[in-house]
Structures are given as C-alpha cells and as structure tokens.
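*Asks:* Start from the sequences, fold in the hints, and give me the full structure.
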Amino acid sequence: MNCGKCDNPPVIELQHGAVCKSHFLNYFEDKVFKTIRKYALLQPNDIICVAASGGKDSLTVLYLIKKYIEEWRFPATIFALAIDEGIHHYRSKTLADLELFCKDYEIPLHIMSTKQEFGATLDQAYPIINKGTKKKPCNICGVWRRYLINKHARTLGATKVVTGHNLDDEAQAIIMNIFKANTDLASHLGPISGVQEHALFIPRVKPLYFCAEKETRLYALLRGFTIEFTECPYSREGLRAQVQAMLNDFEAKYHGTKQSIVRSFLDLLPLLKEREQKKLVEPILACHECGEPAHHDVCNACLTRKSLVEQRL
Amino acid sequence: MELTVFHERENITQTIQSAGKTVQDLLQQLNINCETVIVVRNNEVITESEVLQNNDKLMLLSVISGG
Numbered sequence: 001m002n003c004g005k006c007d008n009p010p011v012i013e014l015q016h017g018a019v020c021k022s023h024f025l026n027y028f029e030d031k032v033f034k035t036i037r038k039y040a041l042l043q044p045n046d047i048i049c050v051a052a053s054g055g056k057d058s059l060t061v062l063y064l065i066k067k068y069i070e071e072w073r074f075p076a077t078i079f080a081l082a083i084d085e086g087i088h089h090y091r092s093k094t095l096a097d098l099e100l101f102c103k104d105y106e107i108p109l110h111i112m113s114t115k116q117e118f119g120a121t122l123d124q125a126y127p128i129i130n131k132g133t134k135k136k137p138c139n140i141c142g143v144w145r146r147y148l149i150n151k152h153a154r155t156l157g158a159t160k161v162v163t164g165h166n167l168d169d170e171a172q173a174i175i176m177n178i179f180k181a182n183t184d185l186a187s188h189l190g191p192i193s194g195v196q197e198h199a200l201f202i203p204r205v206k207p208l209y210f211c212a213e214k215e216t217r218l219y220a221l222l223r224g225f226t227i228e229f230t231e232c233p234y235s236r237e238g239l240r241a242q243v244q245a246m247l248n249d250f251e252a253k254y255h256g257t258k259q260s261i262v263r264s265f266l267d268l269l270p271l272l273k274e275r276e277q278k279k280l281v282e283p284i285l286a287c288h289e290c291g292e293p294a295h296h297d298v299c300n301a302c303l304t305r306k307s308l309v310e311q312r313l
Numbered sequence: 001m002e003l004t005v006f007h008e009r010e011n012i013t014q015t016i017q018s019a020g021k022t023v024q025d026l027l028q029q030l031n032i033n034c035e036t037v038i039v040v041r042n043n044e045v046i047t048e049s050e051v052l053q054n055n056d057k058l059m060l061l062s063v064i065s066g067g
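First to last, the protein sequences are chains Z and Y.
127 is the number that my numbering gives to position 127 of the first sequence; each next residue is one higher, with no gaps.
48 is the number that my numbering gives to position 48 of the second sequence; each next residue is one higher, with no gaps.
Hint data in this document are derived by calculation from the structure and do not stem from the laboratory.
Do not take every clue at face value.
Which stretches of chain Z does chain Y cover? Using the computed rule of at least three CB atoms under 8 Å from a CB of chain Y, they are [unchecked claim]:
1) 12 to 20
2) 50 to 57
3) 214 to 221
Quantities reported herein were computed from a predicted structural model and do not represent experimental measurements.
Quick reminder that beta carbons are idealized off the backbone N, C-alpha and C, glycines included.
*Replies:* Structure (structure tokens):
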C-alpha cells in the first residue's frame with residue numbers, strides 16, 4: 001500500500017486514506033493553522049504564553065505556534081511557561097527535554113514550582129490533602145497548574161495562554177462531564193476555554209483541538225523532537241484513564257468516534273455557554289487570600305493550601 | 001515467523017512467534033489497541049496494514065504520554 005497522494009510508503013492510516021510522512025506533516029500543520037484561524041485563537045500583537053511540560057503535545061504546539069508566527073509573519077511574541085509540580089521520576093525528565101527544546105528553538109522559558117508557591121511538592125502534598133478532603137492527585141494538580149499558569153502568564157505580560165490539549169483530551173473531558181452530569185463544567189470546554197472574560201483571567205486556547213493524540217505523537221516523532229517516554233505515577237488512578245481506554249476501544253472499532261464526539265459537542269457548546277452565562281449572576285471575585293480570580297471568597301488553590309496547612313498541624 | 005518486539009511503555013523486549021501476516025494481526029495477538037501505539041521497523045514508521053517478515057525487529061512507541 002502507498003500514500004494516497006504519492007508513491008511513498010504511508011506512515012498512518014487516516015479516515016480519508018493512508019498518507020506518507022511528507023503529506024502527513026502538511027495535513028497536520030494545515031489542520032492546526034486552520035483551527036487557529038477559524039476560531040481566531042490568536043490576535044495580532046498577542047504575547048503568547050505556551051503552557052509547556054516537555055511532552056509531545058506541548059513541544060508540538062510550541063513548534064507550530066513559532067512556525068505560524070514566522071511563516072505567516074504574524075505579529076506576536078512567544079514564550080514558554082512550565083510548572084514543576086514536584087512528581088518524583090517524572091517531571092524533572094520532561095522539563096529537561098523542554099529546556100533543550102527551548103534552547104534549540106530560541107524560545108524563552110520560565111519554570112515555576114508548586115514548592116515555591118504552596119510550600120510543598122505534589123508528592124508531599126497529596127497524601128496530606130487527601131487525608132482531609134479525599135481529593136485525588138489529579139484534582140490537586142489540575143487546580144494548582146491552572147492557578148500557577150494563569151497567575152504567572154499574567155505577571156509575565158501574556159495576553160493569551162496556549163495549551164497542548166488535543167482531540168483525545170477534549171473527547172475524554174466531554175464524556176467525563178456527561179458521566180458526572182457536570183454540564184456547567186462542560187460549558188468551559190471548546191477551542192477557547194472558559195465562559196466569562198475577566199481582567200485577571202488570561203484566555204486559554206487549544207490549537208491542537210482537532211489533532212488526535214496518535215497524530216500528535218507521530219508528528220513529534222517525525223519532526224525528531226526528543227521525547228523520553230515517561231508516565232506520571234498518578235495518571236492511572238483517575239476516571240480519565242478508564243474513559244481514555246474506553247474511547248480508544250471504540251475508536252479502533254468505529255473510526256472517527258472521538259472526532260464525532262467533539263463535533264457533536266461543538267454544536268451544543270453555544271447553548272451550554274449561553275445557559276452558563278445566564279446562570280452567572282455574581283461576577284468573578286478576587287480571592288480574599290491571594291487576589292487571584294475566584295468564584296467564591298477564597299479560590300480553590302488557596303483552599304488546598306489551607307487544607308495542607310491544617311492537616312500538617 | 002519470529003519477531004522481536006520492543007515495548008516502549010513497559011521498556012521490555014520480547015521474542016514472539018506470530019502466525020499473523022500484518023502489523024494489525026500482531027497487535028491483535030498482543031491485545032494492544034492500535035490507537036495506543038506507533039509501530040517502527042528499521043527506523044521507519046509503518047501502518048497497521050504493513051506485511052511483516054520473519055525476524056523483523058519492531059518498536060511499539062507509546063502514544064499515551066501518561067501525563
């Protein structure tokens with residue numbers, strides 16, 4: 001079997017046929033750049049903060065945003081921001097890859113840590129917070145990461161935060177929200193995250209929104225990005241891992257399942273956002289503890305910080 | 001035929017006797033979902049339809065980064 005567009009050997013079988021390396025790279029980049037334009041993810045003069053971890057998704061999105069700026073002469077600047085959660089044998093490896101990548105591509109990199117901000121690594125904090133709240137590591141990590149990315153992106157002058165969320169991430173989040181009847185949270189999904197605009201919130205956008213995880217891994221591989229395989233020790237604990245396996249089973253049997261979930265969801269998303277905006281009678285507040293945006297008097301990050309302190313006493 | 005397979009996620013290499021013809025047959029035999037791996041032979045990425053040869057050395061790269 002050859003590539004559907006030339007005589008070269010194929011590297012992947014897509015829904016519309018098999019393609020070779022060169023045609024796959026073009027297809028992938030076209031898809032990302034079309035997503036940026038269709039959803040107006042970037043505006044001229046944006047200062048773009050790419051939330052990066054050093055994994056395949058963040059290296060790919062970093063590379064492509066830089067390429068978009070350079071090839072299309074798009075007037076914007078870019079920097080990378082990484083959060084070191086302090087997960088032993090995991091984050092230090094991906095951060096080492098990220099540091100090398102940013103050096104090679106001349107992208108400024110800032111690394112912040114949960115240890116500096118919350119006084120503990122995730123490894124230290126999780127068992128303590130879990131005792132009082134039963135929170136899973138991914139819940140704590142998610143709250144801390146979003147908090148630190150927004151706070152430091154804003155402090156560093158960013159007007160946009162780019163994340164490496166891909167089609168699989170989004171399909172999993174949609175299904176998880178349905179399983180938990182979290183329609184309010186579902187309204188925050190989409191190529192542009194969130195429902196409300198606020199001066200303290202830096203808008204978060206997802207250029208890899210329509211790129212499957214397998215496509216992104218293949219792109220990173222074919223581009224020669226150095227990615228050492230590492231796995232977060234907590235990643236198999238949550239609901240997401242089970243939903244991920246379920247969706248991969250469906251995808252293998254019925255090609256296009258994840259794409260269909262996301263496309264169906266996008267048809268419903270305007271209705272969900274409209275409903276959520278009507279429900280938001282109270283404006284976003286500034287957290288009484290830290291001044292960061294919050295839906296209540298105290299933000300979720302400060303609640304976990306308090307829980308950590310109380311449980312330690 | 002005999003195949004040598006390196007599994008990136010588990011960091012193990014195994015020798016496998018396979019009666020199948022293609023990558024897809026092998027993945028089914030190993031109970032691996034094709035959505036979760038990229039298959040490499042002689043530094044070239046190959047698809048599920050690729051026909052395997054005796055003594056092929058394959059790498060199964062993990063798609064899931066587990067972050």
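*Asks:* Each hint: holds or not?
*Replies:* Right, here's what the structure says about each hint:
1. Beta-carbon proximity to chain Y at under 8 Å applies to 3 residues in the segment 12 to 20 of chain Z; the threshold of 3 is reached and the given coverage holds.
2. Counting residues of the segment 50 to 57 of chain Z whose C-beta sits closer than 8 Å to any C-beta of chain Y gives 4, which meets the bar of three, so the coverage hint holds.
3. Evaluation of the coverage hint for the segment 214 to 221 of chain Z: fulfilled, as 4 residues show C-beta separations to chain Y shorter than 8 Å, against a requirement of three.
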